[in-house]
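*Asks:* Protein sequence lines correspond, in order, to chains A and B. The first sequence lines up with residues 1 to 165 when you count with this note's numbering. The second sequence lines up with residues 1 to 266 when you count with this note's numbering.
Think of the hints as simulated: they come from the structure by calculation, not from any bench. Treat each hint with caution, since some may be false.
What the hints assert, rightly or not - DSSO-like mimics (lysine-lysine), calculated; alpha carbons at most 30 Å apart, straight line:
#1 A:Lys-55 with A:Lys-146
#2 A:Lys-11 with B:Lys-167
#3 A:Lys-11 with A:Lys-118
#4 B:Lys-46 with A:Lys-118
#5 A:Lys-118 with B:Lys-170
#6 B:Lys-137 with B:Lys-226
#7 B:Lys-137 with B:Lys-167
#8 A:Lys-157 with A:Lys-118
#9 A:Lys-153 with A:Lys-55
#10 A:Lys-118 with A:Lys-146
#11 A:Lys-55 with B:Lys-5
#12 B:Lys-147 with B:Lys-220
#13 A:Lys-161 with A:Lys-118
#14 B:Lys-5 with B:Lys-46
#15 B:Lys-147 with B:Lys-167
#16 B:Lys-137 with B:Lys-221
#17 A:Lys-55 with B:Lys-39
#18 A:Lys-55 with A:Lys-157
#19 B:Lys-85 with B:Lys-39
#20 A:Lys-153 with B:Lys-226
#21 A:Lys-55 with B:Lys-226
#22 B:Lys-221 with B:Lys-192
#23 B:Lys-170 with B:Lys-85
#24 B:Lys-5 with B:Lys-220
#25 B:Lys-85 with A:Lys-118
#26 B:Lys-26 with A:Lys-55
#27 B:Lys-46 with B:Lys-170
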Amino acid sequence: MSAVAMTVNGKPVTGDVDPRTLLVQFLRESLRLTGTHVGCDTSQCGACVVQVDGKAVKSCTVFAWQIEGANVLTIEGLAHPDGTLHPMQEAFRENHGLQCGYCTPGMIMTAIDIVDRKGNDLDDQTIRHELEGNICRCTGYHNIVKSIAAGAKAMGKDAGKQKST
Amino acid sequence: MYAFKFHRPTTVRQAAGLLARQEEAKLLAGGHTLIPTMKLRLAGPKHIVDMTNIEGLTDIETGARSVTIGAMTRHAVVANSAEVKEMIPALAYLAGLIGDPAVRHRGTIGGSVANNDPNADYPAACLGLGATIITNKRRILADDFFKGLFETALEPDEIITKVQFPKPNKAGYVKFPNPASRYALVGVFVSKRGSEVRVAVTGAGGNGVFRVPTFEEALKKRFGTKSLDGMTIGQEGMGSDIHGSAEYRAHLVGVLARRAVAAAVE
């Protein structure tokens with residue numbers, strides 16, 4: 001067993017894990033943060049996407065011990081403590097960007113990463129291209145693309161508000 | 001997955017020592033090939049030597065005539081590097097085609113080159129640009145480095161530290177990705193540097209990345225798409241699987257080579 005320590009959603013966490021433990025297993029089974037899903041377990045589907053030090057990664061393809069000391073953000077860490085949804089979550093709700101919901105946490109974590117890298121004004125082509133590593137079997141993607149475009153804009157407004165206050 | 005012990009050395013020397021001392025030890029770079037392979041029990045190393053904490057392996061250095069990229073540099077960093085875009089735009093473009101955005105945040109150039117997957121992108125860039133693979137022991141020309149499917153000239157305790165790419169006059173890469181895996185079904189990298197012309201093909205060969213001397217000769221006379229008009233390569237030595245027959249792959253080599261030249265001269 002090996003000791004691991006990292007920050008998850010702003011809180012320091014520690015664990016004692018088998019070296020084989022993947023980050024996604026550590027999050028789900030040790031920390032009981034089950035919002036991050038295991039879809040394909042082969043690095044293809046993106047259901048397990050979380051942010052590690054501000055970058056989207058597939059948590060099924062990283063050992064927990066590899067990110068010792070890192071800052072991890074999962075879907076559970078997005079909403080405001082008072083329950084107000086993150087603008088990207090709200091955009092998925094507003095635009096019906098999900099059906100069964102299985103891929104949604106990964107879609108939202110990827111969407112926020114896209115905004116971080118590409119800005120708040122995203123065209124459909126960019127969004128579709130950037131979603132290459134996230135698979136949804138229900139929606140046909142159309143409403144996911146709409147949600148991300150709207151969420152990106154809302155995140156821009158939100159950031160503007162924070163700056164002005 | 002089989003059980004293993006992990007090690008986190010902080011210098012290349014320590015890592016090489018671990019590889020030499022421990023039986024069945026494997027280097028872990030970005031882990032985006034090794035971890036999936038271990039999950040499938042196609043690999044079962046007893047010791048994992050993680051390279052993350054080794055300093056000095058993520059620098060991109062530019063000289064007047066070359067770009068040198070540290071082995072642990074992630075694909076996303078190469079794709080977005082102003083230096084690489086300025087010196088060898090085709091190389092930055094190629095890095096941006098690997099996997100998907102999350103994969104590019106983890107995968108590394110050293111890992112990709114050392115693994116020599118027959119469908120990977122970086123081997124085509126190394127061979128197509130005439131790169132030099134720099135290890136803890138020596139410098140190896142790309143022409144001498146890639147030895148077949150997943151095989152390279154690396155010795156068991158040899159570690160890639162950098163890859164040096166000479167700046168070409170012109171270069172282009174075109175990839176026909178497998179839509180599911182996003183690996184290259186076929187990818188062709190072409191470059192011209194002085195009188196030297198290189199055409200390197202990944203994905204198509206049954207024995208990994210290879211050069212196409214007949215195309216290179218034609219392009220030496222004139223570096224333009226017309227020089228390749230009507231030129232094809234034979235099916236011999238082409239890979240064949242459920243994703244594409246040898247005939248189809250051979251055909252794609254010709255088509256993509258012309259497109260790569262068109263991209264290079266643009």
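*Asks:* Decide, hint by hint, whether the structure agrees.
*Replies:* To see whether the hints hold, each was checked on the structure:
no.: 1; hint: A:Lys-55 with A:Lys-146; verdict: 23 Å, holds
no.: 2; hint: A:Lys-11 with B:Lys-167; verdict: 47 Å, violated
no.: 3; hint: A:Lys-11 with A:Lys-118; verdict: 28 Å, holds
no.: 4; hint: B:Lys-46 with A:Lys-118; verdict: 41 Å, violated
no.: 5; hint: A:Lys-118 with B:Lys-170; verdict: 28 Å, holds
no.: 6; hint: B:Lys-137 with B:Lys-226; verdict: 43 Å, violated
no.: 7; hint: B:Lys-137 with B:Lys-167; verdict: 24 Å, holds
no.: 8; hint: A:Lys-157 with A:Lys-118; verdict: 15 Å, holds
no.: 9; hint: A:Lys-153 with A:Lys-55; verdict: 20 Å, holds
no.: 10; hint: A:Lys-118 with A:Lys-146; verdict: 16 Å, holds
no.: 11; hint: A:Lys-55 with B:Lys-5; verdict: 27 Å, holds
no.: 12; hint: B:Lys-147 with B:Lys-220; verdict: 26 Å, holds
no.: 13; hint: A:Lys-161 with A:Lys-118; verdict: 20 Å, holds
no.: 14; hint: B:Lys-5 with B:Lys-46; verdict: 6 Å, holds
no.: 15; hint: B:Lys-147 with B:Lys-167; verdict: 24 Å, holds
no.: 16; hint: B:Lys-137 with B:Lys-221; verdict: 38 Å, violated
no.: 17; hint: A:Lys-55 with B:Lys-39; verdict: 24 Å, holds
no.: 18; hint: A:Lys-55 with A:Lys-157; verdict: 22 Å, holds
no.: 19; hint: B:Lys-85 with B:Lys-39; verdict: 36 Å, violated
no.: 20; hint: A:Lys-153 with B:Lys-226; verdict: 46 Å, violated
no.: 21; hint: A:Lys-55 with B:Lys-226; verdict: 44 Å, violated
no.: 22; hint: B:Lys-221 with B:Lys-192; verdict: 12 Å, holds
no.: 23; hint: B:Lys-170 with B:Lys-85; verdict: 13 Å, holds
no.: 24; hint: B:Lys-5 with B:Lys-220; verdict: 52 Å, violated
no.: 25; hint: B:Lys-85 with A:Lys-118; verdict: 17 Å, holds
no.: 26; hint: B:Lys-26 with A:Lys-55; verdict: 26 Å, holds
no.: 27; hint: B:Lys-46 with B:Lys-170; verdict: 45 Å, violated
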